[in-house]
Amino acid sequence: MNCEEIKNLMDAYLDGELDPITSQKVEQHLRDCPKCEQAYEVETAMAHLISQAAPYYKAPPELREGIQVSLREAIGVTISRGAAGEDPLPVRRPEAVRRGVFFDMPWNWLALAAAIVLAAIVASNFLPRLRQPGDDQFLATQLIANHVRSLMANHLTDVASSDQHTVKPWLDVKLDFAAPVVDLSGGGFPLIGGRLDYLDNHSVAALVYQRRKHFINLFIWPTTPADSKEQNTVTRQGYNLLHWIEGDFTYWAVSDVNITELQTFKRSFEQQVPPH
Amino acid sequence: MAATLEAEYVFGTKDLESRANVVKFAVVQRQQEQGAQEHELASFEAMMLPHLDAAHNLARWLMRNEQDAQDVVQEAYLRAFKSFSGFHGSNGRAWLLTIVRNTSYTLLKKNRAADLTTTFDEEIHASGRESVSPAAILEHAEDAELIKNAMNELPTEFREILTLRHQQELSYQEIGEILKIPVGTVMSRLARARARLREYLASQMSQEK
Numbered sequence: 000m001n002c003e004e005i006k007n008l009m010d011a012y013l014d015g016e017l018d019p020i021t022s023q024k025v026e027q028h029l030r031d032c033p034k035c036e037q038a039y040e041v042e043t044a045m046a047h048l049i050s051q052a053a054p055y056y057k058a059p060p061e062l063r064e065g066i067q068v069s070l071r072e073a074i075g076v077t078i079s080r081g082a083a084g085e086d087p088l089p090v091r092r093p094e095a096v097r098r099g100v101f102f103d104m105p106w107n108w109l110a111l112a113a114a115i116v117l118a119a120i121v122a123s124n125f126l127p128r129l130r131q132p133g134d135d136q137f138l139a140t141q142l143i144a145n146h147v148r149s150l151m152a153n154h155l156t157d158v159a160s161s162d163q164h165t166v167k168p169w170l171d172v173k174l175d176f177a178a179p180v181v182d183l184s185g186g187g188f189p190l191i192g193g194r195l196d197y198l199d200n201h202s203v204a205a206l207v208y209q210r211r212k213h214f215i216n217l218f219i220w221p222t223t224p225a226d227s228k229e230q231n232t233v234t235r236q237g238y239n240l241l242h243w244i245e246g247d248f249t250y251w252a253v254s255d256v257n258i259t260e261l262q263t264f265k266r267s268f269e270q271q272v273p274p275h
Numbered sequence: 000m001a002a003t004l005e006a007e008y009v010f011g012t013k014d015l016e017s018r019a020n021v022v023k024f025a026v027v028q029r030q031q032e033q034g035a036q037e038h039e040l041a042s043f044e045a046m047m048l049p050h051l052d053a054a055h056n057l058a059r060w061l062m063r064n065e066q067d068a069q070d071v072v073q074e075a076y077l078r079a080f081k082s083f084s085g086f087h088g089s090n091g092r093a094w095l096l097t098i099v100r101n102t103s104y105t106l107l108k109k110n111r112a113a114d115l116t117t118t119f120d121e122e123i124h125a126s127g128r129e130s131v132s133p134a135a136i137l138e139h140a141e142d143a144e145l146i147k148n149a150m151n152e153l154p155t156e157f158r159e160i161l162t163l164r165h166q167q168e169l170s171y172q173e174i175g176e177i178l179k180i181p182v183g184t185v186m187s188r189l190a191r192a193r194a195r196l197r198e199y200l201a202s203q204m205s206q207e208k
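In the order they appear, the protein sequences are chains X and A.
Sequential numbering of the first sequence, starting at 0, is according to numbering that gives the first Met the number 0.
Sequential numbering of the second sequence, starting at 0, is according to numbering that gives the first Met the number 0.
Some hints could be false.
To be verified - Derived CB-CB ranges, DEER-like:
#1 X:G246 - A:S42: 32 to 42 angstroms
#2 X:R266 - A:N110: 39 to 49 angstroms
#3 X:N1 - A:H87: 19 to 29 angstroms
#4 A:A143 - X:P189: 38 to 48 angstroms
Stated by the list, open to error - Looking from chain A toward chain X, a few residues come up when the C-beta cut is under 7 angstroms (computed):
#5 G34
#6 Q36
#7 N56
#8 Y76
#9 I136
#10 K147
#11 L153
#12 L161
#13 M186
#14 L189
#15 R197
Because the hints were derived from the structure by calculation, they are not lab data.
Keep in mind it's a predicted model, so treat the numbers as computed, not measured.
The C-beta atom is built at its ideal place from N, Cα and C for all residues, glycine as well.
Work out the full structure: start from the sequences and follow the hints.
Set out below in structure tokens:
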């Protein structure tokens, strides 16, 4: 791909709208071409700026009430106003708008999540003998299952803290290795906390970061000979996984944010961790 | 205004059968009718009121004025309720935002035809060129006023696509459905919108110095 083509694809790449193959080509080009890399950083900064700094105008409460009243008038429900403290809206109010990941999930998302967990359970019972060829695929399934479970079971963190100096000692005591823990608020990925998790027959550290309304689980364990040495990305059932090795540790980041954002996440993580 | 709205939205079922239904509906006992309507209203509110903030935010950016935005949203919810029986999709938010957008444009066309035809003044705003660094942009990450003014300077079609993408976090597909344009056009328009905004910011930043 030449720079002109990259320029045309850059916005879609940034928005995570390219197919994985094209996306990989763009990524490759950005690694090799400082000029395009620079342009891409400007684009990323712009996107960040618009989503962070542009005001989001929430609806004032009186607008909600006004709408509810006018809808009732439209179907001829009479509304008795006046009596102090009484509910002005006789038809039952819709449930209050609750914010948060657990309540925003549509039912089919939950069904999908349940299916993934079920698939993981089935897979863990029947697949161990067949593991050679699809090791990474199998691991990916486990990783997604752990990610989903962490969001569903109200067990996102064991130690909830945005302070790396609280999370790290907690994990160090529980594990037989000292995982690097850094807060990435500066890069737009605040640390939410840490969790002890279990993957592939051993205990691993799970750090939880937030990206706007999304969560990123970063699984860390000491690299073993069985672990893939190459950096790679996996996309499955709407989840993106990014794997890399740095120093003695193997990292897997799992989230529903797009691959480009995960790459950004990885870069800011690496910038914060002291090199070996 | 109400007459044009109905023409646009309440057609859904114009075949003979549904006309028969309409007639039938009128002769059913009034009480039964009321009960059914309340039931419909309850499910409409449960599905659409959670998107009130999204609807208001879009209208606010399109109208650039709080009072107009509220009028638009109120009107849009009424329109949406009237055609709710014809809605069978799963993406309630995109459907509602489409109606909010159409309602906004109706009002914009009526009140301020000039707004929709305003062309961006390239002479003034292109002065900053492209010479702006990521660091310089991020320095302004806290400057809501600057971004707000910059966004408000953009033509309507750029403002709406930026808010749909960056504030509502909709996919190209969803944006294409709302704006009734192909996904390829979403991509290029979004790129142009960001470029315009960048040029504008660059010119603002160079004036500061």
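Now the hints, each set against the structure:
1. The beta-carbon spacing between G246 (chain X) and S42 (chain A), approximately 55 angstroms, falls outside the hinted interval of 32 to 42 angstroms.
2. Restraint check, R266 (chain X) to N110 (chain A): a C-beta distance of roughly 47 angstroms satisfies the suggested window 39 to 49 angstroms.
3. At roughly 46 angstroms, the beta carbons of N1 (chain X) and H87 (chain A) sit outside the given window of 19 to 29 angstroms.
4. As the Cβ distance of A143 (chain A) to P189 (chain X) is approximately 20 angstroms, the hint placing it in 38 to 48 angstroms is violated.
5. Annotation: G34 (chain A) was flagged as interfacial toward chain X, and the flag is violated, the nearest CB pair being 11 angstroms apart, outside 7 angstroms.
6. The interface hint given for Q36 (chain A) is met, as the beta carbon of that residue sits about 4 angstroms from the closest beta carbon of chain X, less than 7 angstroms.
7. Below 7 angstroms, beta-carbon pairs count as interface contacts, and N56 (chain A) has one with chain X at about 5 angstroms; its hint therefore holds.
8. The criterion of a C-beta within 7 angstroms of any C-beta in chain X is met by Y76 (chain A), whose closest approach is roughly 5 angstroms, and the hint holds.
9. Contact between I136 (chain A) and chain X, as hinted, is supported at the beta carbon level, the nearest pair being about 4 angstroms apart and thus within 7 angstroms.
10. Satisfaction of the interface hint for K147 (chain A) is found here, the shortest Cβ-Cβ separation to chain X being roughly 6 angstroms, below the 7 angstroms cut-off.
11. For L153 (chain A), the suggested interface contact is broken, since its CB lies about 11 angstroms from the closest CB of chain X, more than 7 angstroms.
12. Because the closest C-beta pair between L161 (chain A) and chain X is about 6 angstroms apart, less than 7 angstroms, the hint holds.
13. A cut of 7 angstroms between beta carbons decides the hint on M186 (chain A): the least distance to chain X is about 5 angstroms, and the hint holds.
14. At its closest, the beta carbon of L189 (chain A) sits 6 angstroms from a beta carbon of chain X; the interface hint therefore holds under the 7 angstroms criterion.
15. Taken as an interface hint, R197 (chain A) checks out: its beta carbon lies about 6 angstroms from the nearest beta carbon of chain X, inside 7 angstroms.
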